[in-house]
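*Asks:* Residues per chain are reported as follows:
2 protein chains.
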Amino acid sequence: MSEPPFAGAARQANLGDACVAVVGLGLMGGSLAGALKMRRACRRVVGVARRRSTLDEAQRRGWIDAGATNLAAGVADADLVILATPPRVIIAQLDELGPAAPAGCVVMDLGSVKSAIVQAMERLPAGVYPLGGHPMCGKEQAGLEAADPLLFEGRRFVLTPLERTPASTLALGRALALAIGAQPLVLDAETHDRMVAWVSHLPHLAALALVRAVMVGARRDPQVWSLAASGFRDTSRLAASDLTMLLDIFIANREPVLATLQTFQSELTRLGAALEREDEPALRQLLDEAITQRREVCG
Amino acid sequence: MSEPPFAGAARQANLGDACVAVVGLGLMGGSLAGALKMRRACRRVVGVARRRSTLDEAQRRGWIDAGATNLAAGVADADLVILATPPRVIIAQLDELGPAAPAGCVVMDLGSVKSAIVQAMERLPAGVYPLGGHPMCGKEQAGLEAADPLLFEGRRFVLTPLERTPASTLALGRALALAIGAQPLVLDAETHDRMVAWVSHLPHLAALALVRAVMVGARRDPQVWSLAASGFRDTSRLAASDLTMLLDIFIANREPVLATLQTFQSELTRLGAALEREDEPALRQLLDEAITQRREVCG
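Protein chains in written order, with my numbering: chain S, 306 to 604; chain W, 306 to 604.
Errors might be hidden in some of the hints.
All copies of an identical chain are treated as equivalent in the list; a pair is satisfied when it fits inside any one copy or across any two copies.
[Claimed, not checked] Below, a list of computed lysine to any residue pairs in the SDA-like style, where the Cα atoms sit at most 20 Å apart:
1. 444 - 539
2. 342 - 535
3. 444 - 397
4. 444 - 597
Hints were generated in silico from the structure; no laboratory data involved.
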């Protein structure tokens with residue numbers, strides 16, 4: 306471990322000169338490593354993965370300069386450590402990072418829930434600078450094979466600073482987001498979690514429940530799947546997500562997710578009640594409001 | 306009106322020699338007319354639309370040979386009439402068609418609900434041959450501008466014969482489906498309606514309720530829409546559908562739709578309950594089953 310330039314300051318405030326350790330080379334971490342290298346955004350990228358074969362493949366693609374299967378070894382020279390594993394693994398790794406992170410290093414993550422992770426970041430030793438992060442992009446496929454250095458292009462990259470996060474660390478986070486083509490947006494962790502529960506976690510739950518509901522229908526009409534067209538495919542797409550990630554997200558963001566689920570159920574009940582009583586004017590208004598809002602948001 | 310070749314037989318059992326009247330030149334009717342002309346599947350296509358400008362545009366594209374703004378005039382020489390208007394308009398037009406359809410002509414429709422339409426078809430006079438139809442494809446955009454002669458390519462085309470439908474009429478329906486690149490599938494109307502409630506109407510309801518739920522979230526966090534990414538966009542895509550069509554579908558297929566809604570809500574409740582009590586093994590199993598099923602169906 307090298308010493309920071311002076312006590313209480315980050316090792317490296319300039320992304321261009323930084324050694325970045327990306328921990329986890331799946332969809333998000335692989336894409337990030339690739340984006341950093343492709344855009345020559347930093348001095349050096351070190352990948353950390355459980356399997357040697359993942360590191361080999363990332364190196365073959367030119368997405369990392371070096372690799373390690375051991376967290377402490379991988380972050381030993383890092384100015385910036387970015388945890389790109391599933392939320393609960395991030396939390397476990399933060400505790401491991403405490404003694405392992407070089408003094409003065411910045412620790413970020415890419416997890417899709419923030420409060421639980423930011424709480425775990427509070428436990429990092431002084432002299433390590435934490436910052437929560439969440440790029441608003443993804444796809445169902447997991448793993449390095451699905452990674453894409455252009456994944457972040459034009460997407461929001463939420464940054465959730467802690468009280469202890471220095472301004473220079475937040476600036477480094479912004480620089481990182483911009484360097485990979487994303488738009489930084491600073492939010493507190495709680496607000497982030499409430500907001501992603503609405504636009505990300507609830508859609509996942511809806512997609513999963515939709516598939517489960519049609520499974521019930523298929524008991525009587527096994528041919529039902531043969532009629533599934535693009536409408537079903539799109540509405541259920543998020544049900545093809547990675548199981549570990551889904552479980553982590555729902556459990557780590559349990560209360561906000563349950564709140565959105567309750568509202569979703571109320572809106573379903575309201576639509577069903579208008580249809581049940583054949584109240585066409587009411588149903589028309591409920592549908593019209595949703596159609597108008599969807600057009601406004603998604604064009 | 307010309308006489309059929311002999312009493313009780315269709316005017317024209319061969320699609321290639323048929324004059325086809327397509328009533329309604331929106332997304333479905335326009336696409337069908339275009340597909341028939343592009344593939345030279347029939348002798349002649351006559352379009353029926355409310356507005357002269359729609360007929361002009363369809364003619365300019367080469368999708369119809371002639372047009373009429375009056376239903377009776379448009380179907381006067383038809384061997385096959387295909388109603389491609391919203392479900393409740395189809396039902397009204399069937400009653401209008403009774404006295405107007407030439408003896409021996411086949412009457413089909415492309416409506417996305419079948420029981421209510423097939424019931425209205427029962428009222429057609431003897432010597433007119435009805436057959437319900439529903440191509441399983443679509444998009445949110447409505448109107449001739451969104452029409453596409455390749456819309457039916459590789460999609461299921463459900464045919465719902467009535468008891469009175471002669472075998473030759475069903476054969477003509479199959480020929481039509483194959484001629485536009487679709488795969489015919491014969492079902493009774495009730496089974497069709499139950500099945501599309503699961504894979505089409507319920508996804509529409511889920512998408513609409515999802516948008517409405519996030520509207521509630523946006524009251525507290527107006528920035529919530531700015532975090533909506535591809536997951537929200539896809540899950541809510543069906544909420545961008547045409548209002549008239551949605552209302553017609555939900556109301557015409559009310560009971561099956563309400564039944565699917567009830568099951569959907571039960572599955573949401575079950576997911577929510579497992580999350581609420583932090584029962585990770587139960588939650589894992591519920592998610593895993595849905596993920597596995599979705600992969601099996603959609604790849």
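*Asks:* Hints first: check each against the structure and report whether it holds.
*Replies:* Evaluation of the provided hints:
1. Proximity of residue 444 to residue 539 under the C-alpha cut-off of 20 Å is found in both arrangements, the shortest distances being 13 Å within a copy and 11 Å between copies.
2. Taking the shortest alpha-carbon separations for residue 342 and residue 535, neither the intra-copy value of 37 Å nor the inter-copy value of 25 Å comes in at or below 20 Å.
3. Taking the shortest alpha-carbon separations for residue 444 and residue 397, neither the intra-copy value of 24 Å nor the inter-copy value of 45 Å comes in at or below 20 Å.
4. For the homomeric pair residue 444 and residue 597, the shortest alpha-carbon distance between copies (17 Å) is at most 20 Å, but the shortest distance inside one copy (27 Å) is not.
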